[in-house]
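Asker: Sequence:
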Amino acid sequence: MVELYSIAYYILIAAVLIIGIIIYLKMAEKWSIIDQPNSRSSHLVVTKRGGGIIYLIALVIYMISSNFNMPSIIICGLLLGIMGFIDDVKNLDFKIKLIFQCLTIGYFLSTGSYNGLEWYLLILMFFLIISCVNILNFMDGINGLTILYSLSFLISFYIINAHIIAFTDSNFLLIVILSNLIIGYFNIRKKAVCFLGDVGAITMGFIYAVLTITLILKTNSLSPLILFLVYFLDSGWTIVERLLAKENIFHPHRKHLYQLLVNEYKLSHLFVASIYFSIQALINITWLLNYEKDLSPIILISIFGIFSVIFLLTKKILNKKLDLT
4 MVELYSIAYY ILIAAVLIIG IIIYLKMAEK WSIIDQPNSR SSHLVVTKRG GGIIYLIALV
64 IYMISSNFNM PSIIICGLLL GIMGFIDDVK NLDFKIKLIF QCLTIGYFLS TGSYNGLEWY
124 LLILMFFLII SCVNILNFMD GINGLTILYS LSFLISFYII NAHIIAFTDS NFLLIVILSN
184 LIIGYFNIRK KAVCFLGDVG AITMGFIYAV LTITLILKTN SLSPLILFLV YFLDSGWTIV
244 ERLLAKENIF HPHRKHLYQL LVNEYKLSHL FVASIYFSIQ ALINITWLLN YEKDLSPIIL
304 ISIFGIFSVI FLLTKKILNK KLDLT
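Note that the sequence shown covers residues 4 to 328 in our numbering.
A hint or two may mislead.
Stated by the list, open to error - Cβ-Cβ distance ranges computed for the label pairs, FRET-style:
1) Lys249 - Leu15: 35 to 43 Å
2) Phe170 - Asp96: 32 to 40 Å
3) Lys249 - Glu295: 21 to 29 Å
Unchecked claim - Straight-line alpha carbon distances no greater than 25 Å define the calculated DMTMM-like cross-link-like pairs of lysine to aspartate or glutamate that follow:
4) Lys193 - Asp38
5) Lys221 - Asp326
6) Lys93 - Asp172
7) Lys296 - Glu250
8) Lys221 - Glu121
Source of the hints: derived by calculation from the structure; they are not laboratory data. The beta-carbon is built from N, C-alpha and C at its ideal position, and this holds for glycine as well.
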């Protein structure tokens, strides 16, 4: 009976999410909430944006069904997501977005859950959250990439929570995973029905960062950072590359590795998204199978270093081939 109740519960949630996103897509079409292709984008056709609003619906569903459990996470996730949605509609100035993000994240860290932590830990947590929020936003540029990549760490979090160490509410993870699968139907295709938009990328970045911090504090280990390795590498090293070139890192560009593969080497969006997902999934599986062997900071830095060399060499070779053609 309990299993039947659980199945019916998630079927009902899926139905609400599906109805919600269908209604939104009709509204987006009516009000022209669209993404116009430009010289910096990796898509060629006008596409609805803001599909990531499904994550906000998921947060509201969880809030109601859990009797307002994890209030600070839900409230701040909704605030950041709403700001992202306004940006999808109005194209806000980046400074305004950054100030709002800082204020919201600052409020989140001031809640009771983190009161006993040292000030320097709070600063590190602040920079981790704001970095993840913007990294996911920067990397959300081709069909399927962010949704597939998000599944890699969300499923990993669920496995850890259910079978290794409980650190959050499994119901929360399942609802977010379910929303990700549903929006994936509209985005993981050759011609996407909609993009996640800032509302989706920012909300998911916040969810990842908070879950990672929670797990780090629970286990007293930095190992969970490995669940975001591929995005850290592509985004981090691309920022370094642009800083060295004295470019404004907040302006749109086409220098990420995934953009190079799609725009210059003409590989399909879904193929490149699958490569990113597969590499991160293999890393996650390897880590989960060896979870009891905690990764010390030195080992973690070494792993990041090795993968950085591989990443930089790959990008250098690909760029060199383009120069020769």
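Asker: For each hint, tell me whether it holds in the structure or not.
Answerer: Evaluated hints:
{"no.": "1", "hint": "Lys249 - Leu15: 35 to 43 Å", "in the structure": "violated, 54 Å"}
{"no.": "2", "hint": "Phe170 - Asp96: 32 to 40 Å", "in the structure": "holds, 37 Å"}
{"no.": "3", "hint": "Lys249 - Glu295: 21 to 29 Å", "in the structure": "violated, 46 Å"}
{"no.": "4", "hint": "Lys193 - Asp38", "in the structure": "holds, 16 Å"}
{"no.": "5", "hint": "Lys221 - Asp326", "in the structure": "violated, 49 Å"}
{"no.": "6", "hint": "Lys93 - Asp172", "in the structure": "violated, 35 Å"}
{"no.": "7", "hint": "Lys296 - Glu250", "in the structure": "violated, 41 Å"}
{"no.": "8", "hint": "Lys221 - Glu121", "in the structure": "holds, 16 Å"}
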